[in-house]
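*Asks:* First to last, the sequence lines map onto chains A and B. Take any residue in the first sequence, note its place counting from 1, add 11, and you have its number in our numbering. Take any residue in the second sequence, note its place counting from 1, add 19, and you have its number in our numbering.
Calculated directly from the structure, the hints in this document are not laboratory data. All clues given are correct.
Facing chain A, a subset of chain B residues (Cβ under 7 Å, in silico):
id, residue
1, Ser-30
2, Lys-175
3, Arg-308
4, Glu-361
Virtual Cβ for every residue (Gly too), placed ideally from N, Cα, C.
What follows is each chain in one-letter form.
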Amino acid sequence: MNFHQHNFTAMASPCKFILQGEVPAIKQACLKAEAEVQRIEQKFSRYRESSLLQVINKNAGIRSTKIDAETAGLLNYAQLCYQQSDGLFDITSGILRKAWNFKSNTLPREETLQQLLPLINWSTVQWDQDEIFLPNKNMEIDFGGFGKEYAADRAAEIFQSLGIQHGLVDLGGDIRIIGDKADKSGWNIGIRDPKQPESAISHITLHQGAMATSGNYERFMQIESQHYCHIMKANTGWPVNHWASVTILAPQCLVAGSLATLTMLAEENGEAWLKEQEVPFLTIDIKGTQSSNL
Amino acid sequence: MKKLTAFGALSAAAIAIPCQAEVAPTDKILSYRYTNYQEADSPRERTFTAETGRYQIDVQQFGYRTPVGESWYIASELQFESMSGASPTQTYTDADGKSALIMSGASIEEQRVDIKVAPKKYFSGGTAGGLLALSKENDYQSLAFGLDGTLDIFNKHTTLIGSFSVSNDELSPTDAGLSTSRTEADGQKKRSFSVYEGISQVIDKYSTLQAGIGYTQLTGYLSDPYKFEDRRPDSRDQITLSVQHKQFANVLDGAALHSNYRYYYDNWGIASHTLDVRWAQALNLGQFRLIATPLVRYYTQTKADFYTLKQNPADTDLNSSDYRLSSYGAFTVGFNSELKFEKWAFHFDWQQYTSRESFALFGASDDEAPALVNFSTFTAGIDYQF
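Extracted from the complex, chain A is given alone in its bound form (with noise of 0.2 Å):
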């Protein structure tokens, strides 16, 4: 059977869809599963006006917001990620941008971190399976962390419920595979080298699940030989840097993206943390020692 690739730009990501079939109905489905991605970028963009996260985040301070049972959905996993890391991961972070500006090649100043470190506190958003509350007028919430994950989840699902059975979901790197390859295969999927992202360090051919990485190359800067990456701490402020790259297979998407950057931010703690959960893994450290069990 042929290959169908199916190119878009969504999340600010490459993304694509690689199936096999008939291609008049893997066509159809790759059009509803883009459409799929990009109402989920809609609802939960930071940085679209009117998207569901603008209001809640304009609303901070001020009113509650009504959510639907999807966003209460998220929100409920985010308070999970925010308890397995024992609040190391908080969706209300993202602040954090304010401070933190990688192309200027400086570090924020202490005073500034200071100043936005009170508005970093996920335990204090009112919420419930109906609305949501930001206490303070300038917080802030946002779904970068595991957004694209769930839009893959959900892309692959689409093409499921589709009869599509031989294909995988690719939202720039984050993997869902919707069914093996039609010769059952398996789909190769490259690891990137934290060293050299643009070429693979490893591979590993997927049959099912999916497979996300968090790594310390996607936005950085180097400050007198020190690597400052974008995945911060939420209680101090200050970037992760233990691991360079840690990728995670699991069924769903979400949930190796979650690991995977739950894992970072345990840093030097991780590596035990992530032996507990019993799920295939491949770290990388910033001095380049690889530990797997794939």
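Fit chain B to the given chain A structure using the hints.
*Replies:* Frame of chain A, contents of chain B only:
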């Protein structure tokens, strides 16, 4: 007990995120169905005349479904039926204690046209729909109107379902001068009112359960003007309780077991039980996807209080010898299939229905009901999606 890992907890929370609200379908679908319904002959040893042939119906159905705007979906259907053959006019016990069946003779030759339009609006937490249906044949016309809605609660794991419908029918029997009952029936009205309330519950990833209660009230002229000695009450209250269970199974390319049970009771004295089990099996055959569904159904009912095999019952009494009001049981076996290929879907369905007095599980009697019908239906159809 093993402690719950972050992986376990996050996986459970991820599964629990409900997908967004029910999405309005975005495909336009054109469909065509041809159905042949054929009743088996009546038993000659019981028919009064040599006429044993019964009904045959050919149905042609054209469907068109289309989205309108972002959240509306409209389904429409046009159906032509042509009926021919004979039907039972009366059954009675003769002087020798044997049952005799009078057939109408092959006098019936009729056409019927049905038009249905059903718009549906999709909301974030449910749906709201309507139905308008018009049916016309030379001796009968019917106008029906309905509303239905669904409401999702508890993270979409539970859905409340409600519907109501009304219909207004008018009779105009052919050859109204031929019998008193036809003359009487001419211009008579029949009305119905139905409500249904149900709840559908997702039990786990692989099974759902739906339970519901329905009530229908029929009023007006409910007798059959084409039968002899048929005088029925002018109202009928019907109650149904139903349970439907769906279990998905990982067999071959996916399968589902559907089990339905329905209890029915009305104030004419009829109580019935229906048990319906079907296995839907998906198979991928190269570029084709086949869904093959074998099914079996068992039905049993008790007779109506006024069901009688008297040849000349008193005109003041309610009475009917209609086999559908007798006590009987019936088995249906069938096979439905759908073959999908690109934008096309082909349908082939077959069912065989067999009814007997002795199949009745409750309230069986020694009365013969020689008019009890056996029939088979065959459907061939095609859908085009664009």
